[in-house]
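Each chain, letter by letter, is given below.
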Amino acid sequence: MKPAPFDYHAARTVEEAVALLAEYADRDGRIIAGGQSFVPMMAFRLARPSHVIDINGIAALGRLAVEGEVLRIGAVVRHAALETLGCAGVLGRLLSQMARLIAHKPIRNRGTFCGSIVNADPAAEWCLAAVTLGAEIVAQSVREIRVLGADGFFTGAMTTTLAPDELVTECRIPLLRDGTRFGFDEVSRRAGDFAMAAALATYRVEDGRIVEPRIGVGGVEPCPKRIAAAEARLAGAAPDHRLFAAAASEAAAAVEPMDDGEASRGYRQRLVRAVVTRALERSLS
Amino acid sequence: MSQKLEVKLTVNGRDYVLSLEPRWTLADVLREHCGLTGTHLGCEHGVCGACTVMIDGQAVRSCLMFAVQAQGKAIVTVEGLAGPGGELHPLQQAFIDHHALQCGFCTPGFLMLAHATLLESPDIDDEALIDILASNLCRCTGYKNILAAVKTAAAVMKARRRQP
Ligand SMILES: Cc1cc2nc3c(=O)[nH]c(=O)nc-3n(C[C@H](O)[C@H](O)[C@H](O)COP(=O)(O)OP(=O)(O)OC[C@H]3O[C@@H](n4cnc5c(N)ncnc54)[C@H](O)[C@@H]3O)c2cc1C
Ligand code: FES
Ligand code: FES
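These protein sequence lines are chains A and B, in that order.
In terms of the numbering used here, the first sequence opens at residue 1 and continues consecutively.
In terms of the numbering used here, the second sequence opens at residue 1 and continues consecutively.
Excised from the complex, chain B in its bound form (with noise of 0.2 Å):
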């Protein structure tokens, strides 16, 4: 009965034509139908952010968005930040070192939200930087080694684009 629509995703760069019904959100079609399950799903009602992705260069909750209104747009998931030969992008290695994670679970949402964040503003400041991670929720690690580990990884970013 219900409607099923031909959609074109492109995420990560690699385009992906699905048979879909519209009430599918972005997130369940990226988890079910992409196999991409790196994102994850918490509470399926926008509070938590475990479900952040990037659209067009922006974070947006991947739960809150039905698949077929992401047609055209570039879509960058967790899975599409380490590099081609699978070394690891400055946010990733620095949530290691700066152990930003204990379960992982809110880390997917994390990676991405802080992501597009430096994307935007580079230089953000300490404030705005808090601000921006009370988006999303982590039960496990407290917020302090997730802020220090962006922060290196925007130094290490910064350091990057200077030299020549």
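One chain only, chain A, in its complex shape (with noise of 0.2 Å):
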């Protein structure tokens, strides 16, 4: 199908963007960034805006830098961008490790980091890896700027604590210190599908023992989120294969899996236990 018809505003600056958002908003205008779920839902006609404010324009947008000890990516980086990050140490190529994940090239070369964190899919690599890593989140508006932490930011599947009329400018992801393992594995059904279940791992290790595990799981329940008892099972740990496999049946009993067409409430549960193993012996090689 078409999409309905809308009034299109290439906004130039932030300032032009939030004060048309401020304008248009409760008139159901929303932003474009990559356009890459909006306008497969507004062909649906599942999003009929009537206003659309394009930031594509925006060259204040498109930074993506270290600063001290965080990543920052402006609302216009595209997931290829990150794909080839040359930047960042552990972070960047934790980061690059994921792009490759999602969707396709020609979807990746338009397709935004933060405007996959607006839309908020329960299975978007993007919205797993904030979660887990402590990413924060800055949404503008002309009332004011916040920060948001990614834990609590989605409230559901596609529903996060973003009001209608404010702009994320960037998002902000710790970087990992040097030595950090990491791990990151994800079943779909076909090459570029949003998957079915995905899991990250990072952690340190210090005289043999595991440092600072983290655990977040995605696709599963309608967000992503960190799973405490597996991380409760590896901290302290030596790292081998029994206690992955005993950290991944954590895992398993933690969720609550959705159940729709994809895939069933037990499938989804058998699957955290496979991903989460899988990254956790990733981070081994």
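Each hint should be verified, as a subset may be incorrect.
[Stated by the list, open to error] Mimicking EDC-like on lysine to aspartate or glutamate, the simulated pairs with C-alpha atoms at most 20 Å apart in a straight line are:
#1 B:K73 with B:D123
#2 B:K4 with A:D151
#3 B:K144 with B:D97
#4 B:K151 with B:D123
#5 B:K8 with A:D7
#6 B:K73 with B:D56
#7 B:K151 with B:D126
#8 A:K2 with B:E32
#9 A:K225 with A:D151
[As the list claims (entries may be wrong)] To give a feel for the contact side, a few chain A residues facing chain B, derived at Cβ under 8 Å:
#10 P3
#11 A4
#12 A43
#13 A47
#14 S50
Everything labelled a hint here was simulated from the structure, so no lab data went into it.
We treat Cβ as the ideally placed atom computed from N, Cα and C, and that holds for glycine.
Each of the two chains sits in its own frame; use the hints to bring them together as a complex.
Right, here's the structure in full:
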């Protein structure tokens, strides 16, 4: 199908974009970033915005840089830029591995990190990364600038605490210390599809023991989440296959999976065990 | 009632000045307003890749972009692949030689995907190429012949570049 009619505004600055949002948000005026989720929703008429505010021409939002201890990702930074990220050390390597599993290259050439965060698909790789790694989301309106923790930002499938008149200008992810080990794994039906379950694991090893373990699971519940029980199992223990299997069992027991056409509750539960195990095993290589 | 904008698009090096509703996707405008029907529409929601074109050297889905957003950018469609005298691009010739198409519906999308890929990574390895070709759907040929065609074209293009 074809999108319904709308008025188009090409914003040149952040100030202009938030002013347009302030004017049109209550008449369903919406931002377009990469358009890789929004345009399909408009084509299906699941979205019928009256006004579309394009932020692609705002040069300041194309910023992708390490500053202090964080990686700052501007609102029009594409998935493809993260795929080939040459900076940010361990975090950079982790993000570029994850990026390769998002959709396909032509979609990654347009889709943005921040757009994926706002879109809040339960299975989005970036939402999982944001929650697991403790990212911050910067939301600007004519009223104020808010800095929101990713933990708590997602309130359900495709829903967040962002107000309709707010523009996400950037996301910030804390860098990972040198020597941090990580692993990511997901299962989807076809290459490029959204995952039915995904897991991200990071930790460091000190004196042969795991410190600061983080285990996040996505695509399973309406929002990605960290699994405290699995992290507790890992903390202070020596990394080995038996420990990883035990942590994966904790993770599978701690989720309440969605049941949909893609995968049943029971299947997703088994997938959680598999992806957490594999993510941890990959951290060794 | 609905807004109309004057939009200038540069497609295959030629300028088109058009009066467009912003809701028209680039794919629709290429086909309906520029008369360039080589760009195909399969799914209209980003899944099949039949609508793939090249924008500023990168492959994108033209069904997931509005034409107004493509102003000031260099758009290349399948019509822009052949030489000025109609001589086929190495990719086009290789697709014929390797029987990489049957009905041909998906072909323009695969050609533009492969074209952008080889411009960016002329030495792409098999694994990466297979991953890229999985971006688009072909329901006729299977992918073996498409893969063979793109590899042959890559070799031909490389040999040509080496010639003085
Ligand atoms: C075939 C296909 C497969 C895909 N597979 C995957 C996948 O495997 N994993 C995955 O994570 N994604 C996948 N995607 C989605 C893709 O990653 C999108 O790029 C992403 O979900 C949205 O980012 P965008 O920049 O395209 O946002 P848009 O589509 O432009 O916008 C999405 C929503 O966010 C809002 N928005 C965007 N940016 C901002 C901002 N800065 N401030 C406020 N609001 C904003 C828009 O108003 C809209 O509501 C797939 C898409 C397709 C078409
Ligand atoms: S028509 Fe654009 S991806 Fe199918
Ligand atoms: S040749 Fe028929 S769909 Fe590919």
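Interface hint compliance - A:A4 to chain B, C-beta minimum distance less than 8 Å
holds (7 Å)
Hint status (Cβ of A:P3 to nearest Cβ of chain B, threshold 8 Å)
With a closest approach of 4 Å, the A:P3 hint holds.
When the least beta-carbon distance from A:S50 to chain B is tested against 8 Å, hint result:
Status violated, d = 10 Å.
For a C-alpha distance cap of 20 Å, please report whether B:K144 and B:D97 respect it.
Holds. B:K144 to B:D97 sits at ~13 Å (cutoff 20 Å).
Do the alpha carbons of A:K2 and B:E32 lie within 20 Å of each other, as the hint requires?
holds (13 Å)
Would you mind confirming whether the straight-line C-alpha gap from B:K4 to A:D151 stays at or under 20 Å?
violated (42 Å)
Between the alpha carbons of B:K73 and B:D123, is the straight-line distance 20 Å or under?
violated (26 Å)
Restraint outcome when A:A47 is required to lie within 8 Å of chain B by C-beta distance:
violated (12 Å)
Just to be careful, I want the Cα atoms of B:K151 and B:D123 compared with a cutoff of 20 Å; is the pair within it?
holds (10 Å)
Answer holds if the nearest beta-carbon of chain B is closer than 8 Å to that of A:A43; otherwise answer violated.
For A:A43, the interface hint holds, since the closest Cβ of chain B sits about 5 Å away, which is under 8 Å.
Does A:D151 sit within 20 Å of A:K225, going by the straight-line distance between their CA atoms?
holds (8 Å)
Do the alpha carbons of B:K151 and B:D126 lie within 20 Å of each other, as the hint requires?
Cα-Cα ~8 Å, so holds.
Checked against the numbered hints above, the structure breaks hints 1, 2, 13, 14 and satisfies the rest.
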